[in-house]
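A.B. asks: Sequence:
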Amino acid sequence: MKDSKRIQNQEASGRSGASGVVRGGRVVEAASTLQVPFDPQARIGEDRDEVRDLFIRDGKISEAFDGPYDFEIDASDLLVMPGFVDLHCHLRDPGQEYKEDILSGAASAAAGGFTSIACMPNTVPVIDNKAIVSYVLDKAKAAAVHVYPIGAVTKRQDGVELAEMGQMKQAGIVAVSDDGAPVSTADRMLKGMQYASDFGLVVIDHCEEPSLRGGTMNEGSASTRMGEHGIPSVAEDIIVARDILIAEYLDLPVHLAHVSTARSISLIREAKARGVKVTAETCPHYFSLTEEACLSFNGLFRVNPPLRREEDRLAVIEGLKDGTLDCLATDHAPHHKDEKEIEFSLAKNGMIGFETAFALAWTWLVEPGTLTATDLVRILAANPAAFLRISAGSLQPGSPADLTIADPQARYTYDRSKAVSKSKNSPYDGFALQGKIVATITEGRLVYQA
Numbered sequence: 011m012k013d014s015k016r017i018q019n020q021e022a023s024g025r026s027g028a029s030g031v032v033r034g035g036r037v038v039e040a041a042s043t044l045q046v047p048f049d050p051q052a053r054i055g056e057d058r059d060e061v062r063d064l065f066i067r068d069g070k071i072s073e074a075f076d077g078p079y080d081f082e083i084d085a086s087d088l089l090v091m092p093g094f095v096d097l098h099c100h101l102r103d104p105g106q107e108y109k110e111d112i113l114s115g116a117a118s119a120a121a122g123g124f125t126s127i128a129c130m131p132n133t134v135p136v137i138d139n140k141a142i143v144s145y146v147l148d149k150a151k152a153a154a155v156h157v158y159p160i161g162a163v164t165k166r167q168d169g170v171e172l173a174e175m176g177q178m179k180q181a182g183i184v185a186v187s188d189d190g191a192p193v194s195t196a197d198r199m200l201k202g203m204q205y206a207s208d209f210g211l212v213v214i215d216h217c218e219e220p221s222l223r224g225g226t227m228n229e230g231s232a233s234t235r236m237g238e239h240g241i242p243s244v245a246e247d248i249i250v251a252r253d254i255l256i257a258e259y260l261d262l263p264v265h266l267a268h269v270s271t272a273r274s275i276s277l278i279r280e281a282k283a284r285g286v287k288v289t290a291e292t293c294p295h296y297f298s299l300t301e302e303a304c305l306s307f308n309g310l311f312r313v314n315p316p317l318r319r320e321e322d323r324l325a326v327i328e329g330l331k332d333g334t335l336d337c338l339a340t341d342h343a344p345h346h347k348d349e350k351e352i353e354f355s356l357a358k359n360g361m362i363g364f365e366t367a368f369a370l371a372w373t374w375l376v377e378p379g380t381l382t383a384t385d386l387v388r389i390l391a392a393n394p395a396a397f398l399r400i401s402a403g404s405l406q407p408g409s410p411a412d413l414t415i416a417d418p419q420a421r422y423t424y425d426r427s428k429a430v431s432k433s434k435n436s437p438y439d440g441f442a443l444q445g446k447i448v449a450t451i452t453e454g455r456l457v458y459q460a
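Numbering-wise, the sequence shown is residues 11 to 460 according to this note's numbering.
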């Protein structure tokens, strides 16, 4: 916000529980549209898009008051939104802190406008017991944003013995997942969903048939031209179909992670029409990139699920437009340069995503007119908050003063070397983007400023 001139009394704005006013911004809110797990009557927020002042008192959104204010922010010509909520990220802590840690990941999230993030359990050791949950939450007390751990479905994520979900729930997890791999068998998925539901938890599943795993990219003409072992799209579709049928049989909720294929989206759409309690997310790389990007043999484009065909990319956009896909997650997956800037077939799967999510969504979805700003807030804030059942995603009085301020007109060329994340493995280096986060506030405290 040359932003420094827009903020009066910056020192006070960095204090937890501060009071202030954000003046003259275009305030955009959204109502959640997904059914909140185990609480179907619950809803978050309302659709609003208007220029107005937003007041903060003692770290919470407030009705208008005359001050005194600890800080004032001039948000004229800027978007003011509820802080974004990422229900799917990897912080690599404990065990792989050379890639990312809880504090550096939270700082990267703040730079991307996220004020609440839920981290996956595929750490070293796995988040499969209350001690590791407590470790994450204790370290997160010093983080710039709210960090919510997700526990494993099975011990060590090995697909055999169910983890102690009840103890982990008491310690503070918000969901369970074996992400990085699917819940291995239909038996484990069925029993895992039943056990999780006893504690008010939902299984988030990585949809990839185990017997079809092991490739480096989408199976198709591009993989043939490159001589790479492909992962067929049906690998995702099979597990999506399995999980939908189990959810329907049990009448329990299930959440499908990083959906990437047209057939999977069709299956989810049909299931929702039947009343199945299924929710789903996708990621920015699935509406902005295709398998053709891999023809460069650049390991930065290697991700799992892999980048798909143009038909799949268009289906992802349509799924976001019609509400089949409820949430936009980052799947932020940091890796050291020595694990990504190598031969394509040897590169690790994953890319960082916190800091580019908003710009990619604005550039590919809002600017062309596919989604409105309210739609974007719905999939980045209201719906993820509703799914996780956390106090976030809303700017209603009494809500935590978690908000994101962005410049929708800012145009720039992305430079991955300037990423706040410890790792720089973004494939969007040199991309022309529109939409930039200029400030992020957590509980009334300024945690990021461009």
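Worth flagging that the hints you see were computed from the coordinates, not collected in a lab. Warning: the hint list may mix true and false statements.
[As the list claims (entries may be wrong)] If you anchor each label on the Cβ, the simulated ranges turn out as follows:
1. P135 / Q180: 46 to 54 Å
2. D208 / Q51: 20 to 28 Å
3. P135 / L305: 23 to 31 Å
4. V170 / V244: 49 to 57 Å
5. S231 / D68: 39 to 47 Å
6. D332 / R53: 41 to 49 Å
7. G285 / D76: 44 to 52 Å
8. P407 / T43: 17 to 25 Å
9. Y259 / D59: 19 to 27 Å
10. G224 / G285: 34 to 42 Å
Nothing here was measured: the structure is a model prediction, and the numbers come from that model. Virtual Cβ for every residue (Gly too), placed ideally from N, Cα, C.
A.B. asks: Starting from the hint list further up, note which numbers the structure goes against and sort them upward.
C.D. replies: 1, 3, 4, 5, 6, 9
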